[in-house]
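Asker: Protein chains in written order, with my numbering: chain A, 333 to 594; chain B, 167 to 371.
By construction, these hints were calculated from the structure, which means they are not laboratory data. Certain hints may be false.
The calculated BS3-like cross-link candidates involving lysine-lysine, where the alpha carbons are at most 27 Å apart (straight line), are [what the hints assert, rightly or not]:
no. : chain 1 : residue 1 : chain 2 : residue 2
1   : B       : Lys342    : B       : Lys319
2   : B       : Lys361    : A       : Lys377
3   : B       : Lys361    : A       : Lys584
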Amino acid sequence: MLKRRLIPKLQMKESRTGMSSRMVLVTTIRFGEAVEIGDPVSQAKIYEAQAADELIFLDLDASSDNRETMLGVIREAAEEIFMPFTVGGGVKSVADFRNLLLAGADKVSINTAAVETPDLIERASDVFGSQCVVLSIDYKRIEGGGYRVWTRGGKVETGLDPVRWAVDGERRGAGEILLTSIDRDGTRTGLDLELTRMVAESVSIPIITSGGAGVAAHFVDGFLAGKADAVSAGTYFCFRDENPMQTRSRIKNAGIPVRLHT
Amino acid sequence: MTGIVDYGMGNLLSVFNAFEMAGGNAFICSRPEELQKAERLVLPGVGAFRDCMRNLTEKGFTEVLDDYVNRLCRPVLGICLGMQAMARRGFEGGEFRGLGWFDADVVRLRPSDPSLRVPQIGWNDVSWRTGSDLFGGLPQSCDFYFVHSYYMKCSDDRDVEASCDYGGEVTAAVRKNNVFATQFHPEKSQDHGLKMIANFLGWRP
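Taking the hints into account, I'd like the entire structure generated from these sequences.
Answerer: What follows is the structure, encoded as structure tokens:
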């Protein structure tokens, strides 16, 4: 039986000291100010030791200036960890896909560029296969009901409905959907189960949901009520009072299939 | 020395790193004439069947690979699309000829349970044939990492080394003479995957 997945999310920003530049691990609340908390590759190794099912690396700067620094992190991670990982942030072209895949990424997520140039989904899935293309959708709930997709790190409202955008993304060739609730990011108040379930019921590709996981029960909710295939969390795992192994046993106790062996 | 065939289909670095970690002394084969240096060979691959076969043919690997398998008879490991390429035919976006080492077709996953999604992405437990050398030393029914929309359907059950359940039985690994291949990604399956790679490195078919 296929297992539900727990996916730590490693959000990064560039940190410059003098001439040198490196990527640091950060957390955010509602996509606001980034707080530095450590080194991404060291943290990735910890997650591997804790048998996380996959990892997601996101470059929050999403600028072209730090591409080499970012690729360096990915190459280093690929040497150290033997588990699948997705990389995203600032991916704009088929060439960006290729560079990240050659550096060791298994999947690449696209967000802003997918909204602004939707045929990138088709082109990338045509060249690398759908399984490489993760459509990342950041969304906010709107007053009075409904949801809207936001791009550029939560700065630009697009007017798109996330459910319809997910359906369109699947039709164009995305192999997986990564949902992130901007309202709930870093708040530990629980996942947005309603939107997760709406998307899960509208597409046939796997759904990763994120934004708001604060206790193990939130993962259980995401799988059962949200019908997600995977739950991703950044803040939840970063502060180390919870790790994937402990969380896994609680999810298993709720009767959800998760990986037993590590 | 383990040769990793580079025919322009995906993430070789992960395979290379995993073989190095497992003590495989790996090198990348970008040209067909380099294949004969390899004591054993890995045919990796992600993407679409059609592109895979086209690249193998255009880069001149097809005949050299046949020779490697059938005349040199050295061990070969296929991974994911590299496994599917070994079938007689693939039906992804049309009908295409494969390498034909296995009497098998590559067909789309159609799980009987409608809640199961395609592609299958994630960890699934694998059951293998009793006494399989390649799964030796692994805990029974352990999980491996899969990511695929198509799978190899064998005409001859004897070729099936392992399977998993995804709304029906899905071929997880095949073996015939000196060729072994997995639908899952051992290079991405943490300790169990590295153990399987070590098994392949010690395999004397």
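Asker: Evaluate each hint against the coordinates.
Answerer: Here's how the hints hold up against the structure:
| no. | hint | verdict |
| --- | --- | --- |
| 1 | B:Lys342 / B:Lys319 | holds, 14 Å |
| 2 | B:Lys361 / A:Lys377 | holds, 19 Å |
| 3 | B:Lys361 / A:Lys584 | holds, 26 Å |
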